[in-house]
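Go ahead and model the full structure; you've got the sequences and the hints to work with.
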Amino acid sequence: MNYPFSAQTVVFVAILAVVLPAIFRIVSSPFTLLLISPFVLALLGVAFLVLNVLISHLLDAKAPSARGNLHHAARPFVFSSPAAWQAVLTRSQWSQDSPQSFPPLVPNAPVLSGAINDILIMIVRDFVLVWYKDISTSPSFPMAVSSVLHKSLENILDRAAGIDLAELIVKHILPRVTAHIEQFRQSEIALRGAGLERRLTQSEELDLLLASRYTSNGGGKLHPSVDNLSTTFTRQTEEAHLRQLVAKALPFVLPEKEGQSRVLKLVVREIVACAVLYPVMEMFSDPDFWNKAIDQVAGAAIHEQKLITKVRNVLEAQSRPPPPDVICASCINRCSSLLDARRLKNDVVGEIRRTRILLANHEKEDWINGEKTEDVVAFLDRLYTAKRKVEERIVVLGGGDDSGRPSSYQEPGVKSGVTLRDVLQNPSSLSYFMEFMDRRHRSLLVQFWLTVESFKNPLESVDSSSSGDEDDPIQDASTLVTVREDISMIYELYFSTPTPHPTLASIPKKHFQRIRDFATSDQPPSLATQRTVRRSVMLAQRQVERDMEHDFEDFERSELWFRAIGDTDFGRSAQKNSPEPPPPSLKDRRTVTSPGLASLHLANAPSPLKQSLRTDPAHAASLRIIARLCAAAEY
Numbered sequence: 001m002n003y004p005f006s007a008q009t010v011v012f013v014a015i016l017a018v019v020l021p022a023i024f025r026i027v028s029s030p031f032t033l034l035l036i037s038p039f040v041l042a043l044l045g046v047a048f049l050v051l052n053v054l055i056s057h058l059l060d061a062k063a064p065s066a067r068g069n070l071h072h073a074a075r076p077f078v079f080s081s082p083a084a085w086q087a088v089l090t091r092s093q094w095s096q097d098s099p100q101s102f103p104p105l106v107p108n109a110p111v112l113s114g115a116i117n118d119i120l121i122m123i124v125r126d127f128v129l130v131w132y133k134d135i136s137t138s139p140s141f142p143m144a145v146s147s148v149l150h151k152s153l154e155n156i157l158d159r160a161a162g163i164d165l166a167e168l169i170v171k172h173i174l175p176r177v178t179a180h181i182e183q184f185r186q187s188e189i190a191l192r193g194a195g196l197e198r199r200l201t202q203s204e205e206l207d208l209l210l211a212s213r214y215t216s217n218g219g220g221k222l223h224p225s226v227d228n229l230s231t232t233f234t235r236q237t238e239e240a241h242l243r244q245l246v247a248k249a250l251p252f253v254l255p256e257k258e259g260q261s262r263v264l265k266l267v268v269r270e271i272v273a274c275a276v277l278y279p280v281m282e283m284f285s286d287p288d289f290w291n292k293a294i295d296q297v298a299g300a301a302i303h304e305q306k307l308i309t310k311v312r313n314v315l316e317a318q319s320r321p322p323p324p325d326v327i328c329a330s331c332i333n334r335c336s337s338l339l340d341a342r343r344l345k346n347d348v349v350g351e352i353r354r355t356r357i358l359l360a361n362h363e364k365e366d367w368i369n370g371e372k373t374e375d376v377v378a379f380l381d382r383l384y385t386a387k388r389k390v391e392e393r394i395v396v397l398g399g400g401d402d403s404g405r406p407s408s409y410q411e412p413g414v415k416s417g418v419t420l421r422d423v424l425q426n427p428s429s430l431s432y433f434m435e436f437m438d439r440r441h442r443s444l445l446v447q448f449w450l451t452v453e454s455f456k457n458p459l460e461s462v463d464s465s466s467s468g469d470e471d472d473p474i475q476d477a478s479t480l481v482t483v484r485e486d487i488s489m490i491y492e493l494y495f496s497t498p499t500p501h502p503t504l505a506s507i508p509k510k511h512f513q514r515i516r517d518f519a520t521s522d523q524p525p526s527l528a529t530q531r532t533v534r535r536s537v538m539l540a541q542r543q544v545e546r547d548m549e550h551d552f553e554d555f556e557r558s559e560l561w562f563r564a565i566g567d568t569d570f571g572r573s574a575q576k577n578s579p580e581p582p583p584p585s586l587k588d589r590r591t592v593t594s595p596g597l598a599s600l601h602l603a604n605a606p607s608p609l610k611q612s613l614r615t616d617p618a619h620a621a622s623l624r625i626i627a628r629l630c631a632a633a634e635y
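Note that the UniProt record's numbering has the sequence shown beginning at 1, numbered continuously upward.
Derived from the structure by calculation, the hints contain no laboratory data.
Using N, Cα and C, we set each Cβ at its ideal position, and we do this for glycine too.
Treat the hints loosely; a few may be bogus.
Said to hold, decoys possible - For lysine-lysine, the following DSSO-like pairs were computed, each having C-alpha atoms within a straight-line distance of at most 27 Å: (1) LYS151 with LYS265; (2) LYS306 with LYS292; (3) LYS248 with LYS265; (4) LYS509 with LYS456; (5) LYS265 with LYS133; (6) LYS248 with LYS151; (7) LYS151 with LYS133; (8) LYS221 with LYS171; (9) LYS372 with LYS387; (10) LYS257 with LYS151; (11) LYS456 with LYS372; (12) LYS221 with LYS257; (13) LYS171 with LYS257.
Stated by the list, open to error - Simulated DEER-style distance windows between Cβ atoms: (14) SER428 with THR451: 49 to 59 Å; (15) PRO502 with ASN346: 38 to 48 Å; (16) THR451 with ASN346: 32 to 42 Å; (17) ILE55 with VAL148: 54 to 64 Å; (18) LEU339 with ILE119: 46 to 56 Å; (19) LEU229 with ALA160: 32 to 42 Å; (20) SER212 with HIS172: 25 to 35 Å.
See below:
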C-alpha cells in the first residue's frame, strides 16, 4: 500500500506542530523572548557558518581542477604591483636624500658647486616650501623638485661647456649690439636732427615714434616681444615670447623621464617664463637697478678704503718705524729695474758729494746746522753702505760692475775745468745757472749778457788789454747797418730808466751815457760813433761777466751745480779721467778741506725736515733717497 506522504514529511509536520505553538508563545511573551534571544542569535550564527561551508564545498566540487597555479592561491597586495612598488621606492629615496647629498655640479670647483647648491636650496625654500608646508610635512615633493633642478642645471652646464665663449661674444653678440646701436642712432638722428638739436618732451608717444623710425629709416627690426607699435604695454607679448623660448629649451634641459610629462613641462614653462625670467628682465631693464648696484659697490669700496686708511694711520702712529738704513736696504733689494738701480746710484753718489762738501765747510765745528758732526759722519757711512748695495744690485740685474765708471758729480777740491762761458753757452747748464741767479735776484745780469751775445759776430771780442779808446776797430763795416736797432733795443730793455737797475750798477757810467745818447739821438750817427757805442756795449758785457764770475764761484758750491754738470756732456768729460776716490776714514771726513765751499740744503731745508733731523740723526736728504728707492722698488 502506497502512502501519499513519506515518513520524512510526517516528521517535519510533527516538528512544526510542536515548534510553532512554542514560537508563538515566545513571541507573544516579551519577557520570554528577551531571555532566549542570545541563544537564538548564537544559533543563527552557527547556521550561517555551516551554510557558508556547505556552499563553498559545493562550488569547489563543481569548479575544474587547476593544479600548478600556485600564484593564484592568495590574492596579491595592492602595493606589490610593479608601478606601485616603484613609486614607493622613489618616495623612499626622496625622503632619505638631501640637497647636500647631490653630486657636485662643477667637480673641479668645490666652492662654486657649493654656492650653486645653496642657491638651489634657497629656490626650493622660497618658492616651494612656502605653500607646500601647509599641505604636507613629507619631504618627498621638495626633494623631488630639488632633484629635477639639480639634473636640469647639470644638463645646462654640460651643454654650455661645449660653447666657445670668445666666438659667441665676438661673432654673434657684438655684431648685433653694434648694429642695434647704429640703427638706433640713425633713427634718433632722423627724429631729432643730425645734431640732436630738436628738444622733444619724453613721453610714450615719442618712444613709439622713435620705434617706428627705427623700423622704417634705420632698417632695423624690432624685437618680437615689443613689435606691437599700437601701445607701450607689451607685457603679454613679452611673456608669450618668453614662453616660446622656454618651451624650445625645456626638451634639452629637463631630465629624460620628466621631459616626457606634458603637465610637468607646462608647469615648468609657466613658472620659469612668468615667475622667474620676466621679473629678472624687468629688473635688468630698469636703469635705477644699475645705478643702485654701482652706488652700492662703489660706496662699499670707498668706505673700505677709508677704513683701511684710518687703520693704517692708527697703526703707523702707534708703531715705531724701522731705521732708515733698514728701509733703504730692503728697498734696494726689491728694485727690479736696471735703469732705476743706476738712477738710484746717481742719487746716492750725489748725496755723498753734498755731505762731504757740508763736512768740508764745517771741519772744525762740532755742530752742523743743529746736528752733531758725528751724526752727519754716521749718515755718510750709511750712504756709502747704500752705494755698495746698489752696485751689488746692479751686478745682480745684469748691469755689470760699473763701480769704476767716472761719476758725473764733482768731488770737493777737484777742479772741473768748466768755465762760466761754458755754462752760459750750453742750454742745459744755462737753465740751472739762470735758476741760481734768479734765486739771488741777479738774473738780469744773465739776460743782459745773452742779449749782447745774440747780436755779436761769431769771432768778435774785446781785447783784454784794451784801454778803452774809442777808435779801436772792433768789427767790419758790413754789420754797422743794424747797430742802431740793436743799441736801441738794449737801451729800451736795460737803460731806459733815469738810473740803471741796481744789478747793473757796476757798469761804468760812461758806457751807460754813451748808450743813452746814441739811442736818444735824432741825428744819423757817424761810423766812429757807431763803433764807439758798440765797443761800450761789449765792455759793459765784459763787466757783467766779471760780476757773474763771483756768482759762478757760489754756483759751483750749490746743489744746482751737481745737477748742471750731471745733465751736460762737459760734466762727464771733465770727470773722464778722474776715478772716484775710496770712502775716506772718519778722521779724513772730519778734516777734508775744500776752500770756499758753503753749506748746502740743510740750511735751506723746510721746517718739517729740520724737525725730523732734530729727532732723527739721519740727514734730511736720506728721506728723499729712501722715498726714491721705495718708489722704484714698488714700481
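Hints not upheld, ascending by number:
Hints 11, 12, 13 and 14 contradicted; others consistent.
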